Amino acid sequence: MSFSKEKAKLEKLLMSVENVKTVDELNMEIINDSYREYAVIIKALYTKQPNIFGNLYNYDLREIKNNKKFTKESFTNKARQVNFAVYRDSIVQAIERTTEYITSYLQ
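Going by numbering that gives the first Met the number 0, 78 is the number at position 79 of the sequence shown; the sequence numbering is gapless.
Mixed in with the good hints, there may be bad ones.
[To be verified] Pairwise CB distance ranges (calculated): (1) GLU62 / LYS20: 18 to 24 angstroms; (2) PHE74 / GLU10: 32 to 38 angstroms; (3) ILE29 / GLU72: 16 to 22 angstroms; (4) GLN48 / ASP23: 35 to 41 angstroms; (5) SER73 / SER103: 31 to 37 angstroms; (6) SER73 / GLU10: 17 to 23 angstroms; (7) TYR58 / ASN31: 28 to 34 angstroms; (8) LYS4 / PHE69: 15 to 21 angstroms.
None of these hints come from the bench; they were simulated from the model. Keep in mind the model is a prediction, meaning the values are calculated, not measured. Virtual Cβ for every residue (Gly too), placed ideally from N, Cα, C.
Based on the provided sequences and hints, a complete structural model is requested.
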């Protein structure tokens with residue numbers, strides 16, 4: 000596994016997530032796909048370097064999952080929009096942190 004290859008995937012993923020601003024079915028699908036792709040990448044990184052990526056794997060994934068659940072369970076459109084923004088931001092922050100870890104500890 001090339002860590003620079005994973006970093007490139009994360010940077011591409013970050014660009015697609017950052018472009019999503021409002022909640023609708025298409026944007027929700029984009030964010031959900033990004034979450035799934037991030038989960039695959041962080042699991043691969045965690046498998047190779049558990050000491051470096053352990054917290055990201057254990058805590059960031061759980062936080063993103065909880066934010067997704069809150070978004071799905073929102074009763075009003077306003078609450079859904081707010082929770083969607085939190086969900087999207089948690090993915091963005093996790094991707095940025097993972098990219099930073101790759102740069103700081105592995106390259």
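A quick look at each hint next to the structure:
The given range of 18 to 24 angstroms is respected by GLU62 and LYS20, whose C-beta atoms sit roughly 21 angstroms from each other. Between PHE74 and GLU10 the CB atoms are about 36 angstroms apart, so this pair conforms to the stated range of 32 to 38 angstroms. Under the hint 16 to 22 angstroms, the C-beta atoms of ILE29 and GLU72, about 20 angstroms apart, fit the expected range. As the Cβ distance of GLN48 to ASP23 is approximately 37 angstroms, the hint placing it in 35 to 41 angstroms holds.
About 36 angstroms separates the C-beta atoms of SER73 and SER103, a value consistent with the hinted range of 31 to 37 angstroms. At about 30 angstroms, the beta-carbon gap between SER73 and GLU10 misses the expected band of 17 to 23 angstroms. Between TYR58 and ASN31 the beta carbon distance is about 20 angstroms. The supplied range of 28 to 34 angstroms is therefore violated. The supplied range of 15 to 21 angstroms is broken by LYS4 and PHE69, whose beta-carbon atoms lie about 33 angstroms from each other.
The structure does not agree with the numbered hints 6, 7, 8 stated previously, though it agrees with the rest.
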